[in-house]
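Protein chains in written order, with this note's numbering: chain A, 1 to 500; chain B, 1001 to 1500.
No wet-lab data here; the hints were simulated from the structure.
Beta carbons are placed, not taken as given, at the ideal position from N, Cα and C, and that holds for glycine.
Any given hint could turn out to be false.
Unchecked claim - Per the computed footprint, the stretches of chain A lying under chain B, defined by three or more beta-carbons under 8 Å from a beta-carbon of chain B, are:
no.: 1; stretch: 82-90
no.: 2; stretch: 107-117
no.: 3; stretch: 363-373
Now for the letters of each chain:
Protein chains: 2
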Amino acid sequence: MAEARITPRAQDYAQWYQDVIREAQLAEPAEVVKGCMVIRPNGYAIWEKMQADLDRRFKATGHQNAYFPLLIPLSFLAKEAQHVQGFAMECAVVTHAGLRTVDGKVELKGELEEPYVIRPTSETIIGHFFSKWIDSWRDLPLLLNQWANVMRWELRTRLFLRTGEFLWQEGHTAHASHEESLVEVRRMLDVYRDFSHEIVAMPVIQGIKTANERFAGAVETYCIEAMMQDGKALQAGTSHDLGQNFGRAFNVMFQSQSGERQHVWQTSWGMTTRMIGAMVMTHGDDEGVVIPPKLAPIHVVVVPIWKNDQEKVRVLEAAGKLAQDLRDDGLAVKVDDREGVKPGAKYYEWERKGVPLRIELGPRDLDAQTVMAKRRIAPAGPDGRPGKETLPMDGLGVAVGKVLDEFQAFLFARAQAFRESNTISVDSWSEFEQVFADQGSKFVWAHWDGTTETELAIKEATKATIRCLPLEGQGPAPSPGKCVKSGKPSARRVLFAKNY
Amino acid sequence: MAEARITPRAQDYAQWYQDVIREAQLAEPAEVVKGCMVIRPNGYAIWEKMQADLDRRFKATGHQNAYFPLLIPLSFLAKEAQHVQGFAMECAVVTHAGLRTVDGKVELKGELEEPYVIRPTSETIIGHFFSKWIDSWRDLPLLLNQWANVMRWELRTRLFLRTGEFLWQEGHTAHASHEESLVEVRRMLDVYRDFSHEIVAMPVIQGIKTANERFAGAVETYCIEAMMQDGKALQAGTSHDLGQNFGRAFNVMFQSQSGERQHVWQTSWGMTTRMIGAMVMTHGDDEGVVIPPKLAPIHVVVVPIWKNDQEKVRVLEAAGKLAQDLRDDGLAVKVDDREGVKPGAKYYEWERKGVPLRIELGPRDLDAQTVMAKRRIAPAGPDGRPGKETLPMDGLGVAVGKVLDEFQAFLFARAQAFRESNTISVDSWSEFEQVFADQGSKFVWAHWDGTTETELAIKEATKATIRCLPLEGQGPAPSPGKCVKSGKPSARRVLFAKNY
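Extracted from the complex, chain A is given alone in its bound form (with noise of 0.2 Å):
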């Protein structure tokens, strides 16, 4: 297959993206089915990655699994009146069961009296079963998630950030009390917070949305926000305070221990496979992905040099038994010993695809007992050519996790701190405007009047919006100022950004 160009970030980032994503082999345009992709295998195996350490992190604040059925009644939508506001345009529709073939055309049959959607999200469908199931405080909390596809029929779509179906999880709680469901909805905003900077390697904020942005049905909407290489936003996970509203709608009551019947008090939270965008925008360059070392399936690639078959022979052997060396020490290591193909090619197809490190061994390698090691991305060494390292082969698998866990850490400190040299506190708005100007987009402190009409203003303006209002202790304290655009009081600032 010919290689063709990765276009450079600073020439055009969208195209960049789509360069890396195709070459790296992680997803592409379904284009015959609007708006889908097809995640292939290079891709799926991060999501698989991210599936296990989510579920894991689920279990242990006592979630359990289930699966709740694709197809949704229309009617269902509608008995939450804001929630099908917000989903109405983006829905696809069931209207038909069954098929015949006339003369060798398909026709449909099978008129269905009452359409299914599609599920964008599981609220309301849920919401039905837990009316079902819950009966008493005992009940209580009811704490579900599900690993689903879903389908929003998107007009601009994009891989993995917005795309007409996609793969997620979806958290369903209930609860007894509104204290107890917000509880619940920080503990997972955490879980995400934790899950993004440990393996994600990338930084959020945590903040709540306004109500312009939230969830619609939520009575809040607390989500993470993280930097992509461009400035922007990316919203990377959102966990819904609910409180009684999907309760009111499908009647989901329960009996409290002094009797009472109350309905329940819920919660949902949801990360997708946008994340994997989120990490190629996050730690990618102009040489490809760049994958951390906790999502990656592949930690190391080993590419043996030889020039004739004597040498060969005796690297292919020492290869071998050093990849199992590694495996055994828990490490996913791939021996690129293709024929043909030049080392230099090996490198260059193993960068573009983000494997954390390459480990190259030739005859003198084998002869000092070393190996040479080469980060994805290294600092320059004195030459100004990106560093490698000598690794003693005895000990090997615990040199190259102590490097593996170095490099994780190099990347989310380095997601950090161009996140950190990308984020200002603007007063004007005349400063505000320029940041915004054209493609530019940064984290933007500012102060804001606190008003819809506000916030609307300043994306008509600026296509900039609200990213959040930070929890304690994400942004600038509180201090009292006036409104970037409007001029009127202001308590504190939230954050701005253009968003993904």
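Once you have looked at the hints, place chain B on chain A.
Chain B alone, transformed into the frame defined by chain A:
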């Protein structure tokens, strides 16, 4: 929640099946979504165990996971003539994208130019992408698997066994020759057999479907067939030799090593959530579900027994410690320390839920440093009551592991003995009719003349179908005879049974 009675199997097997699934909270009919089900946490946890084991086997045989779109353009289905005929009746069709609310009522809008069907299986959409990805023999074999939901609109549904939507895995592979693709078909059939035997403790017969029962679009369908407790067969997994049918339909071509352009040879193979129903109907009894240890989300339930507060403190502390020790040995343990529920009621509940092993722990056990263990199904002791075992607390994890291994082996041996005692060879039509009279079914080895006409006449007369033409070693050694219905010559016996 009131405890409902479990209908004895001898009285009404179909009702028993519903009862045990309801009482074990494995799943329930969705009702509001025609023919669909909710897989509840207790059922989904079994599916997770199945997934983990199968996924490991798929990866060990070189397969990678990927994800393809849920929706398939209607025109794709028609590209393989047999395929559309086979699935046309069962397709859910998406015709609109978008809703609007008018006077509080929800209406459809956004009719699509071309409707999509929700995948009933993915050969067509995957064939489309194979044609984009495959160009040379170097791209082969391409070995993919997908974990997904699929939808087949069924009129008569039954939890797990036949539902409108179900979960499954579908393997899709492409090869450079028919020899290679046939090896793959058989390899995956063996994976399914091994999984059924080793994990589900369910013996299966491997065979080939008749043309009439073949997957729509396949050249040959291989299957594994299991016997349920009512003597009926359940098709537990299939592996299809697709020949070049989909390769031709979707123009999937490769350049061979000798330079010719050829269509690829494909396979597909699938196993579904129906396997949970198979487990229920293989091992369950009138007390409830029985879960083989290798599929059990909870291996051991510990029931502490006390008469007063002093005993309670002592017993609960010991139970907690014991549970932790067992967990350290890799076992999943539940301590049922509920107040106000008698030990007998706890026993009853966990038996219904199918937990393989119960450990009873009271003050006298603590004094003796032993526990009383009771397998979910245990041979009766000399007193006629089900046997309990005394196990020393010292080294309990190892002892319990051994008991669970024995129990797993016992379930398989019991199911195999049951199948053997309900398998017969039949040579006369009157005896054949008698076996299948009313609700009756056994596994019947009988001669068949090889025609679809006779196959359908037998089905019409008895409701028994040919489950498979057995592979070598899977049934009586081939020897010629006369068809049980037509009297015409037959080369070998085939497997007849009623089926799910």
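Violations among the numbered hints, reported as their numbers in ascending order: Of the numbered hints given earlier, the structure breaks just one, which is hint 3.
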